[in-house]
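> Residue strings, one per chain:
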Amino acid sequence: MNKTFDRIATLTFLAIGVLFMIESLRISKSAYGSVVGPNVFPFLLGLILVLLSIKLLFETMRYPSIRGEKQRLQYKKFWIIFISAILYAILLEPIGYVITTFLFLIIGFQTMEKGSIRKSIIIAACFSLGVYGLYVKMLQGTLPSWPIWLR
Amino acid sequence: MTFLLDGFQTALQLHNLFFAFLGVLIGTAVGVLPGIGPMSGVALLIPVTASMTSGFEPAQAATSSIILLAGVYYGAMYGGSTTSILLNTPGESSSVVTALDGYQMAKQGRAGSALAIAAIGSFVAGIVSLIALVLLAEPLSNVALKFGPAEYFSLMLLGLAAVSGLAGNSMTKAWMMTVFGLLLSTIGLDSVSGVARFTYNISFLYGGLEFLTVAVGLFALGEVFKAILYNEQNNDGIAKIGRIIPSKEELKESAGPIARGSLLGFLVGILPGAGATLASFFSYMLEKKISKHPEKFGKGTIAGVAAPESANNAASGGAMIPLLTLGIPGSGTTAILMGALMMYNVQPGPLLFDEHPDVAWGLIASMFIGNVMLLILNMPLVKVFAKIIETPSKYLLPLIIAISIFGVYAVQVTTFDIFLLLGFGVLGYLLASHDFPLAPLVLGLVLGPMIENNMRRALTASNGDFFVFLEKPISLVLLIAAILWIVVPFVMKLKGKSVVVNEDM
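So the protein lines, in turn, are chains A and B.
Numbering of the first sequence is given in the working numbering, commencing with residue 1 and proceeding in unit increments.
Numbering of the second sequence is given in the working numbering, commencing with residue 152 and proceeding in unit increments.
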């Protein structure tokens with residue numbers, strides 16, 4: 001168990017609990033069709049979360065911090081993939097599903113392990129075109145199509 | 152009985168057969184692939200099935216999708232044994248025990264028999280638990296029909312207590328996750344009064360946080376992010392499978408363990424909170440205890456494979472009972488199945504058998520068929536599935552992200568949900584890797600609206616008197632059971648006994 005993380009998480013949840021409690025006070029108390037208004041349930045839950053957070057905070061004081069052997073985490077890979085996923089989401093509607101998916105997969109494959117560009121391109125193309133073809137053409141689903149300048 | 156026959160009629164329709172087949176096939180693959188458990192597998196496939204069934208009538212779409220998703224669920228239980236036996240790396244947590252003896256058998260060149268016995272045991276267990284499901288479904292749902300809002304509220308509290316009490320190492324953390332899930336469920340328009348809560352005029356939030364987005368983010372993306380960060384690689388060689396048909400002697404030796412494992416697994420599965428992992432663990436302990444040669448366990452005895460594999464499959468059948476008859480999911484995976492049903496406006500619970508008999512009985516019948524398919528699929532195709540293990544994660548992981556994003560976008564059609572998905576992915580990784588269990592969070596999110604509505608209905612009937620929950624006898628009993636569920640492990644811990652916990656459901 002990681003003490004630092006537990007503490008930060010606990011304080012975050014404490015804050016979330018307090019936030020929900022304060023905010024639920026602002027919900028109108030009018031209760032159509034119910035004696036108990038829409039504010040009661042979230043308020044109670046917020047309160048319970050606050051109490052539990054305090055309990056966990058005390059628990060984190062007690063147990064010794066166990067330092068496991070630190071494995072070197074692949075932060076760089078993670079961030080590259082995560083940021084490209086965010087870009088994927090931002091660009092999805094402006095430039096369409098096929099192009100963004102294709103690019104995201106290429107970046108993803110190459111980040112995981114460099115090399116064999118050809119195989120990456122083939123798989124990425126098959127997936128993006130395949131999903132688009134199956135979903136939009138066959139199942140009549142909605143996905144952002146090609147950008148205007150390509151149509 | 153006529154209902155069951157009708158169910159078979161539904162399940163035997165060509166497209167439903169296809170869905171069941173697809174479900175068990177994908178499920179087996181999910182079970183085989185290390186890193187994707189049944190929970191993330193089912194979550195990942197909800198949007199895919201939703202888009203596949205988009206052309207159907209609502210009720211039909213619900214039946215077909217749930218047939219597929221349930222297939223993934225019990226298919227994964229089958230598939231999990233394959234990697235345990237061949238690689239000594241369990242594909243999911245319920246097969247951890249199988250690895251103890253299974254891998255030893257593989258080392259001795261008896262991998263084929265181990266896999267075959269695992270498949271046969273799973274099949275027998277699946278059928279046993281289904282028969283029990285058929286017998287218990289009607290009476291249980293009749294009892295549940297008499298429940299009023301107060302009883303329901305208490306019953307759901309019991310469900311939450313059970314799952315939170317058994318999940319993870321720290322009960323405080325599990326409860327925090329439950330409450331957090333319940334809190335998240337209050338975001339959006341209040342269904343009783345129509346007042347917007349915690350929406351801050353963000354139009355996407357009025358409908359509430361979409362269950363699908365949260366589940367796929369927490370489970371599927373969370374696991375992918377973890378796999379990327381740790382760069383898990385297995386370079387161990389895969390054991391040769393060899394002869395597949397087990398010898399008569401081995402069959403005889405494993406008949407008892409399979410029967411006991413099935414019954415025990417089923418009983419454990421019904422209990423909310425205790426899932427397939429606990430079931431397989433218990434049955435292994437039981438076999439070791441009653442065996443004449445307990446020293447053989449851990450050195451490759453066939454009973455050590457047969458019992459846990461039967462138990463974990465029976466447990467997944469047993470877990471369907473509280474889900475279908477009471478509307479209370481007992482584990483993370485069944486919570487996701489329940490969320491999927493609710494997406495189709497099908498409310499699991501006692502009314503399910505009255506309102507949507509085709510869905511309920513169609514699902515049960517399809518599980519019979521799916522189990523037969525699994526047996527047929529697994530015996531000859533075990534070697535093919537073993538190949539799936541070799542799928543390089545460099546392709547798999549980015550593809551899972553792409554499938555998640557596609558799935559969420561296809562159902563929600565907003566970029567907002569993709570950001571939410573990525574956010575929950577990171578949250579899922581952070582929480583899970585620090586011992587905050589995710590199953591209670593999802594359970595809270597699914598049960599939240601129902602708990603709140605039943606609480607408010609009960610309180611309205613009693614004019615705001617909170618004692619209504621204690622005055623109704625059934626409700627009182629359920630509440631006491633819920634409290635016991637919390638207190639007993641706590642007392643046992645104080646006494647210094649170690650409590651068996653479900654690491655992952």
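Bear in mind the hints are in silico, worked out from the structure with no lab data behind them.
Note that beta-carbon positions come from the ideal geometry of N, C-alpha and C, so glycine has one too.
Just to be clear, a hint being listed does not mean it is correct.
Cross-link-like lysine-lysine pairs, in silico, DSS-like; alpha carbons within 27 Å at most [unchecked claim]:
id, chain 1, residue 1, chain 2, residue 2
1, B, K258, B, K538
2, B, K377, A, K114
3, A, K119, B, K534
Reference listing, derived: stretches of chain B covered by chain A, where coverage requires no fewer than 3 residues with Cβ under 8 Å from a Cβ of chain A [unchecked claim]:
id, stretch
4, 346-357
5, 522-530
6, 544-556
7, 561-569
> For each hint, tell me whether it holds in the structure or not.
Here's how the hints hold up against the structure:
1. K258(B) / K538(B): holds, 18 Å
2. K377(B) / K114(A): holds, 20 Å
3. K119(A) / K534(B): Holds. K119(A) to K534(B) sits at ~25 Å (cutoff 27 Å).
4. 346-357: holds (count 3)
5. 522-530: violated (count 0)
6. 544-556: holds (count 9)
7. 561-569: n = 4 at 8 Å, threshold three: holds.
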